[in-house]
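These protein sequences, in sequence, are chains C and E.
Counting from 1, position 245 in the first sequence corresponds to residue 245 in the working numbering; the numbering is continuous, with no gaps.
Counting from 1, position 378 in the second sequence corresponds to residue 378 in the working numbering; the numbering is continuous, with no gaps.
Each hint should be verified, as a subset may be incorrect.
[Stated by the list, open to error] Derived contacts from chain C toward chain E, CB cut-off under 8 Å, selection only:
(1) D3
(2) L18
(3) V19
(4) A65
(5) F68
(6) R69
(7) A137
(8) Y147
(9) R158
(10) V170
(11) L177
(12) A178
(13) I182
(14) L192
(15) M195
(16) V279
[Stated by the list, open to error] Stretches of chain C that chain E covers, calculated by requiring three or more beta carbons in the stretch to come under 8 Å of a beta carbon on chain E:
(17) 148-156
(18) 162-168
Hints are computed from structural coordinates only; laboratory data are not their basis.
Cβ coordinates follow ideal geometry from the N, Cα and C atoms, glycine included.
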Amino acid sequence: MNDWLTTILIVLPVASALVIAIAPFSTYWLGSLAALASLIEVGFWITAASKFHFGSSQLQFAQRASWFRDLHVSWHVGQYAFSLWFVGMTVVVMAACTIYGWWVGRDRGRAYFALMLLLTGAIVGVFTAQDLLLFYAFFEAMLIPLYVLIGVWGGADRMRATITFVVYTVVGSLLMLASIVILGLQQGTFDLTQMSTSSSTWLFLGFVVAFAIKSPLFPLHGWLPITYRESPPEVTAVLSGVIGKAGLYGLLRIAIPLFPQPVHDWRVVMLVLGSASLVYGSLLAFRAPDFRGVVMYSSLAQAGLIVLGLFAHNALGFDGAVLQIVNHALISTSLFLVAGMVERRTSTGEFSRLGGMARGRPALATVIMVAGIISLAVPLSTSFAGEFLILAGVFQQGWAWAVIGAVGIVLAAMYMLRAISGVLHQEVGPAVSERATDLRLGELAVVVPLLLCLLGLSAWPNLVSGHASSSSTAGWTRYAP
Amino acid sequence: MIAKPHVDWLALSPSLALLAAAGTLLMVAVFVPRVARRQASAFVGFAGFVAAFVFAAFLDDRSRHGVTLVHDAMFRDKWSSLAQVLIAGAGAVAVLVSYREHMRDEHVAEYYALLTAAGAGMAFFVQASNLMTLFLGLEWFSIALYVLTAIDIDLIGSLEAGLKYLVVGAVGSATLLFGSALVYGITGQLSFDKIAASGHRHDAMFVVGLAMIIAGLAFKSSSAPFHQWTPDVYQGAPTPVTAFMSSGTKIAALVVTLRVLQTAFPQDGSLWRWAIAVIAIISLAWGNIAALVQRNVKRILAYSSVSHAGFMLIAIAAANPLGARALLYYLIPYSAMSVGAFAVVAARERELQAPVTLQNLAGFGWERPFLGISMWAFMLGMLGFPLTGGFIGKFYVFAAAYERGWWWLIVAGVIATMISAYYYLGIVRAMYFRDRAELQLAPAGGSPPSDVLLDAGVLVALVVTVGSFFAVQPLIDLAHSAAGSLPF
């Protein structure tokens, strides 16, 4: 059973998607089925987490079967201590978003729920694949449902959004494919656990560009504004919460461990890009005219901060990055979902037409406050722990990086407080009618568990960060010079 | 008395089964009453392709060692029998797609007769082992296809397409013939083995002959810059014919290209590898860039077939066992995707009674969920996305290029794939993202009856497209043993 856990986590949502695609039920029941499937998925993850030996540095729940022998490609999946948390945040976020989609009653439910579940399976696959080609297959497979989810259920300008999104990601991932083919054939295996390191800068850049587009990192974030604005809110939440994390995961699982020499040579460049994303994203977030814009650019900033942690190239930075990835997945999902809820009530997200929503809507106010406060890394919160670790890590590379990181955190407080007050406080905006209700039970059922996870992590961040680098031989520690 | 050569009937059985079907169909045209002619002829055509499929599969199983037949005129080996399996499979699906195609009753039996005859020609062509049988096979299936292209005289553009195909195709055949004559003139040999055995030559005439053979075959595989007929013919021909042509001709021409080059001209590898690589890059560039500006879906698919010829030529240019494997593997999902995609186009065409453009695909994916999802899978497959065999095919092609040390071919392939994302996903976009309200055209005569046979054909194509992603190992084993027939 244990060996099968990872495979089950991948196959279960895909199989449910197929069932939903052909089951002769009404949309409501299909939605229930999808919600149930995503909750069962969470259940399996909890089982996995409870059986996980955090002290061990080995790949766990691993399963391996040859796919095609002549090029040594295999179905090899498994989880390290940090991958477990990536999978955990994925299943939680996807469950929340799927259930939210069910609650708002997306039209063409059959396709919608099938695609959401397919996406879940693909993302879990990305975080657990231990074979490069398999990783790539999952990485590309994510794009298939996303393309349709944005293109069909997106906003008015969705056509342009899908083209921009697809052009960016396909360009990146195909560069990565070229790198994968060459790297795998050079080494005679595609198995990540057996690969030795490479010193080719070109191959390294092929990977890094793909991951930087996905994350996204400045200056490759051109797809971000239009895609995040035009997608349905729960899809934006998925994009920012977990899809972007696939890029960061790629950096920490593939680019950094496999290419120690290029990482060393390019470290400063990556740190500069991370800093630029952090500062630039924060400034844009501060200027953004709408709620979604703030959360959107704050994800750019956060990706930059996480890259600082990853390329700090020490255990502190690595632990902090993993913790902050999990934090930000939960925070940005909550915030984007809440932004969607606000938009549903007021049909706009612009601060000029919002305001004063706290009065008479205590649940909405509490949810936004909690998510916002955690996201601006107030001390005692889990994101404070994550950002502190990252800053401590990057400090060892030079104090200037830590200063930039600290500036970013100050900016985070500025833009997040501005967003909170723009929605909740000040005068009642023209778009806010008296009849705009407080959060409904269904909406709370989606957001509150996410916030509870965050509060739980705030109490015990070490749960994630404590085992990330120290227990992982697969992480960069194995190859660290 | 003339000594009769020994004839291995089993080795000829795929062609013979299809020829028998063609002959029977001509009888059907005369003797079966008009009311039953459509059913009867479709049945006989289907039976012919299925029989050829079974024979070819049996032949594949029974040909452990490659041998030549009938005074070295033909090969009996796994390389040709696997290609025959694919051709027969594509033909069987094309029959399913053809069944409800609008056709004059007096032509319907001849239509299937020509289809099976074309299949027989291709099956014969891939077995060719000397320059005579090579040309004979080429002309055999080409002439059948010329007529098929023009057979629907009620279809606007069909006749024009047929004429274009005839003229350009004849140029291609003549080029091949002229090239063969030059090679024969220099070496004094017709059979591939003996040409190879006659040694390496630096003769200009020999090189020109080789170049002309390559060009003649490139006409058939519609590789740029010899592809000029492709978009017009694909667009003008009845869609089921296009479906068969796009996969069958491509399989036959590419399989034979590698065979001829590797068997007859192994010493000149340094010459033709470069030539093929250049043609591959031109095909990739031309096919993909031209497809970007097309609106008609059949034309888009035509240019996409040019670009796929480019991908497969990369495998040929690599000219190593991995490349041969890559070519045969690539052809499996490619032929399925190609037949399937044209089948979906045919379904939409019958619904609208109008040419299918990006504009009037609007809402198709939601109206016809099965066909929509299938088309989606075919487009993703052609793009080389995971969950389809197209992904593994491209991967193998790149691997072959890498093994040859030509990493720049990988780069060219990757750039081509990036460009192609625009139009493949454009078709998905047209089917799903646009509302039915945006459709400029009302479906003629409401919703047509669902076409079970066409759906079955599409299902087969879908299963092969997706299945080849999961069952890579058995298919690669097949391709591996087939590639073993070529002298590397």
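Hints, one by one, checked against the model:
1. At its closest, the beta carbon of C:D3 sits 20 Å from a beta carbon of chain E; the interface hint therefore is violated under the 8 Å criterion.
2. Given hint, C:L18 at the interface with chain E, is violated; its Cβ is 11 Å from that chain's nearest Cβ, farther than 8 Å.
3. Checking C:V19 against chain E: minimum C-beta separation of about 15 Å lies over 8 Å; hint violated.
4. Nearest Cβ of chain E to the Cβ of C:A65: about 10 Å, over the 8 Å cut. The hint is violated.
5. With a least beta-carbon distance of about 4 Å to chain E, the hint placing C:F68 at the interface is held under the 8 Å criterion.
6. Annotation: interface hint on C:R69 holds; nearest CB of chain E at approximately 6 Å, less than 8 Å.
7. Interface hint status for C:A137: upheld, as the beta-carbon distance to the closest one in chain E is roughly 4 Å, under 8 Å.
8. Restraint check, C:Y147 versus chain E: the minimum CB separation of about 7 Å is within 8 Å; hint holds.
9. Against a cut-off of 8 Å between C-beta atoms, the interface hint on C:R158 holds, since the closest Cβ of chain E lies about 7 Å away.
10. Annotation: interface hint on C:V170 holds; nearest CB of chain E at approximately 5 Å, less than 8 Å.
11. The closest approach between the C-beta of C:L177 and any C-beta of chain E is roughly 7 Å, which is under the 8 Å cut-off, so the hint is satisfied.
12. Hint on C:A178 holds. Least Cβ distance to chain E is approximately 5 Å, under the 8 Å limit.
13. With 8 Å as the threshold, the beta carbon of C:I182 comes within range of chain E, its nearest partner Cβ sitting at about 6 Å, so the hint holds.
14. Below 8 Å, beta-carbon pairs count as interface contacts, and C:L192 has none with chain E, the closest being about 17 Å; its hint is therefore violated.
15. Proximity of C:M195 to chain E is violated relative to the hint, the smallest CB-CB distance being about 16 Å (cut-off 8 Å).
16. Restraint check, C:V279 versus chain E: the minimum CB separation of about 31 Å is more than 8 Å; hint violated.
17. For the region 148-156 of chain C, the stated coverage by chain E is satisfied: 3 residues place a CB nearer than 8 Å to a CB of that chain, which reaches the threshold of 3.
18. Requiring three or more residues with a Cβ within less than 8 Å of a Cβ of chain E, the coverage given for the region 162-168 of chain C holds, as 4 such residues are present.
Consistency with the previously given hints fails for numbers 1, 2, 3, 4, 14, 15, 16, ordered from lowest to highest.
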